[in-house]
Structure formats: structure tokens, C-alpha cells
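Protein chains in written order, with this note's numbering: chain L, 1 to 86; chain G, 1 to 86; chain Z, 1 to 146; chain B, 1 to 146.
What the hints contain is simulated information worked out from the structure, not anything from laboratory work. Treat the hints with care, as some may be off.
[As the list claims (entries may be wrong)] Each computed DMTMM-like pair below joins lysine to aspartate or glutamate, with the alpha-carbon atoms no more than 25 Å apart:
| # | chain 1 | residue 1 | chain 2 | residue 2 |
| --- | --- | --- | --- | --- |
| 1 | Z | K68 | L | E76 |
| 2 | B | K68 | B | E113 |
| 3 | B | K131 | B | E63 |
| 4 | B | K131 | G | E40 |
| 5 | Z | K142 | L | E15 |
| 6 | B | K142 | G | E15 |
| 7 | B | K68 | G | D75 |
| 8 | B | K131 | G | D51 |
| 9 | L | K20 | Z | D15 |
| 10 | Z | K76 | L | E76 |
| 11 | Z | K123 | B | D20 |
| 12 | B | K49 | Z | D15 |
| 13 | Z | K16 | B | E24 |
| 14 | B | K16 | Z | E24 |
| 15 | Z | K123 | B | E113 |
[To be verified] From chain L, some residues computed to sit far from chain Z (all C-beta separations above 10 Å):
| # | residue |
| --- | --- |
| 16 | L19 |
| 17 | N23 |
| 18 | I24 |
| 19 | T31 |
| 20 | Q34 |
| 21 | Q59 |
| 22 | L64 |
| 23 | S84 |
[As the list claims (entries may be wrong)] Negatives, chain Z to chain B, calculated, CB over 12 Å:
| # | residue |
| --- | --- |
| 24 | K68 |
| 25 | D72 |
| 26 | W77 |
Quick reminder that beta carbons are idealized off the backbone N, C-alpha and C, glycines included.
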Amino acid sequence: MNTEVSVLYFAKSAELTGLKAENITVPSNITSLQLWQDLENRHPRLSVLRDQVVLAVRQEYVPLGAQLLTLRQGDEVAIIPPLSGG
Amino acid sequence: MNTEVSVLYFAKSAELTGLKAENITVPSNITSLQLWQDLENRHPRLSVLRDQVVLAVRQEYVPLGAQLLTLRQGDEVAIIPPLSGG
Amino acid sequence: MAADEGQDVITLTTDKLSADAVSESVTCPSCGAISLFIGTTRDNFEGKKVIQLEYEAYIPMAESELRKICSDIRTKWPSVRHISIQHRLGVVPITEASVIIGISSPHRNDSLEAVRYCIDTLKATVPIWKKEIYESGEPCWKENKE
Amino acid sequence: MAADEGQDVITLTTDKLSADAVSESVTCPSCGAISLFIGTTRDNFEGKKVIQLEYEAYIPMAESELRKICSDIRTKWPSVRHISIQHRLGVVPITEASVIIGISSPHRNDSLEAVRYCIDTLKATVPIWKKEIYESGEPCWKENKE
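In isolation and in its complexed conformation, chain L is listed as follows (with noise of 0.2 Å):
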């Protein structure tokens, strides 16, 4: 079953896809990985950030790696970067 999602682009990211968001559909059960592979495919560039990143689902850290998710329609998953601030 596929599902919606909202996907939120920061800092690099931003900059490397151009977006700062965009709406996709995705399998609701797919890993954190297989999600990132399905960005990566759709925004090459994102690929420089793959060795640095987490994504945060539903504002909760998920690191890249075979946890599954699952996801509901309209959730936000957001890339992250690594972190500067302070």
C-alpha cells in the first residue's frame, strides 16, 4: 500500500534539490534506507549527503538503516543535515 507523505528539504538539502518541500507517494512500509534511496533517485545530487544524514519522521530522529516505518497519509519526514546550531 502506497501512502502521501510530506517531504521537507534543509540547509544542504535545500540547496542540493532545489526544494524546500514536495509531496510524495511511497510504500506506508519501507525502511528509513529505502526511503532515502527513493529521494536519492529522484534528487542525485542528494547523494553527497548519504554518509552524514538522518531523516526526522514525524519530528522524530530515524537514522538511515532497515528500521521500518510506517508511514500514514500526509506525515512529514524531513532530511537532516548535520546539525549547526548554537
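Using the hints, position chains G, Z and B against chain L.
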């Protein structure tokens, strides 16, 4: 040999003696404890401070004890009750 | 707010930050100590002259992560009274504050330790990003190392 | 003063202290961190209501001991840039600051550690005394415990 020094009283010691400062004549070579005992003789109410007080001679701390002071004419000797700055 | 209740103030703003405002916002009559940390923007990075900085945040999540930090502080240092965390966003001129943290407590040890924990954790967990723009060369998104 | 030279600012004053003034006095373009400690007067001591506080200092020796602290800080944390220590004397109303310490450094660890050392050492070595005046009962000269 005797010398005249200027004694400064602070905080509780000023309250006990009723003085902010006085000039006294004492032996030039005297231990810090003997100097304190001389002050206690002049101002018996100071005795309540005996276990807590230190002196400052020419603005350097000197604990009460056997340390021999070399006092010079006009030296400043301060009575330093427990500190409470900050 | 009850007078006795600890207050968490979290502010993300494009306005200039003020140490006095943060200090006043955490003042309380039963507290003897206020510890403040002010992060300021630096004019150089590895010899390159920085002419401007810009901060960007994932605002709702940044606020949520900052609230988690406040909650952790109250668990670790229960005597902490008020916590104020202000982070500036958008363009921040050189030498101006990008972040001010103020924490009050009855005795100094707690607020000193808590402010240290707060800035360390903020840098590690709060989704905020800084971009440095140099006199010459490409702008650069920074990365907190520690 | 050369722009690159660290500055020690020591002030004993009966005027109200300001966190912004201290923060500004230690700001420098190459520093990323300013740590401040503000000691404020509390409204109670062991259940007794404090209505007023008075500070007294052996001023020339207090200044000399504060200069020693600045010098020690520069030995222990050589990257520290500016140090400002302001202590208020005379009557200090409840909740107002009795002492403000501000220290700047390129990276936060140094100013955070140095400000902690500075307030701990100030309380232990600088000849300043505080008298609390209570709503009822005898006034009391205080004693720093730590």
C-alpha cells in the same frame, strides 16, 4: 623595636570593636597570633572571631599562628572575618 | 503561572537577542544564581573572513527538541527554577548573539552545570543550521563537531 | 589596548549591574562564546525573610585578589579573551545582581570552565562581606560555605 601600624576592621569585626580603623603601636617582629592577641586585649569582644579570622598584612592573607611578621611603619593590617562575597 | 512554578521559555526569532531580557526572564526571588551562555558569531573560519551568517531551523521540531532539553534538565537538576533558551534565525551580523541560554537556581552549582548541558545538547540535537558566507569562496553549511 | 589583547575589567560599584553591559564589555569578533554568571540576592535564609542586603569590601585588596583570579584564569585557559568581573557594594535590593562575571573565548568550553572557576575562587578569596537584614531578628554577617 616598636612600630605604628594601621588596623582596618571589616564586617563583624568592625561591629564588635565599633571601629573601622585605628593606629596601634606594636613590636615590629611579632607573630600573627601575638598580634591578634594584642587586638583581643584592646577589644575583648573580638574573641568570638578567634577561630574564624585571618589577617591581611600589606594586603596579603596571613593565618593566625607562629608566622613571624616584619611590620614597618604605616603598614596596613586588616582583620578578615569569614568571606561572603559573590 | 504560579509564582512557585518553574518556567520554560523557548524562543526562535529573527530579532536581536538581549542578555538582560534573558536574565530578567529567569530571575526569581528565591534564586541566588543565574548562569548565562551566549553564543556569538565569529568573523573567521580557518583563516577565511566571514562576512555574514544565516541560521535556518526546522522550527516545530526545534521547539520540540528544546522542550525535551528543558525536561531533561529538570530531571537532572530538580532545583533549577527557570529556563530560557533563545535562538536567533535568519541573518545574524558578526559579533551578535545567535543563542542565549539563561538558567536560574537557588545555588550556583545547578545552574552552571545545567547551562553547560543545555548548550552541549542543543548543538547535538536541535535541528538548526548555520551557513557562513565568506569574503571570498563558496558559502558553507557548518557542522557541529563535538 | 591592542585589538588582539585580552582585557581584564574589574569593577566594584554601588551602581546597579547590567548583564548586557558585561556581555558587551567582553564581546570580540574572534570569540564564539561568552559565559556569564550572575549572583542575585535571595529573599530568604533558613525560612527568615530577608528585606535588605548590604555588601562591604576591603576595596584595594579585593581588586588585587580579583586581578590574581584573572591572571590564574589566563594561565589555566590561555584561549580566554576578555574577563569582566563586576561586584556591587552597599545596599543591594532583593533579586538584583550582587556580582556579574563575563568571560569570552573562541570556543565554549574555556569560557564555561573559567566562569565556574572565577565565581568559586571569588567566593573563597576576595575580601567582600554580605550582611543580611531580616524582617525580624538580628542582622547577620554571612559566611561562604564552599
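Here's how the hints hold up against the structure:
no., hint, verdict
1, K68(Z) with E76(L), "holds, 19 Å"
2, K68(B) with E113(B), "holds, 17 Å"
3, K131(B) with E63(B), "holds, 20 Å"
4, K131(B) with E40(G), "holds, 23 Å"
5, K142(Z) with E15(L), "holds, 14 Å"
6, K142(B) with E15(G), "holds, 14 Å"
7, K68(B) with D75(G), "holds, 21 Å"
8, K131(B) with D51(G), "holds, 20 Å"
9, K20(L) with D15(Z), "holds, 23 Å"
10, K76(Z) with E76(L), "violated, 31 Å"
11, K123(Z) with D20(B), "holds, 24 Å"
12, K49(B) with D15(Z), "violated, 39 Å"
13, K16(Z) with E24(B), "holds, 14 Å"
14, K16(B) with E24(Z), "holds, 14 Å"
15, K123(Z) with E113(B), "holds, 18 Å"
16, L19, "holds, 14 Å"
17, N23, "holds, 17 Å"
18, I24, "holds, 18 Å"
19, T31, "holds, 21 Å"
20, Q34, "holds, 22 Å"
21, Q59, "violated, 4 Å"
22, L64, "holds, 16 Å"
23, S84, "violated, 4 Å"
24, K68, "holds, 21 Å"
25, D72, "holds, 18 Å"
26, W77, "holds, 15 Å"
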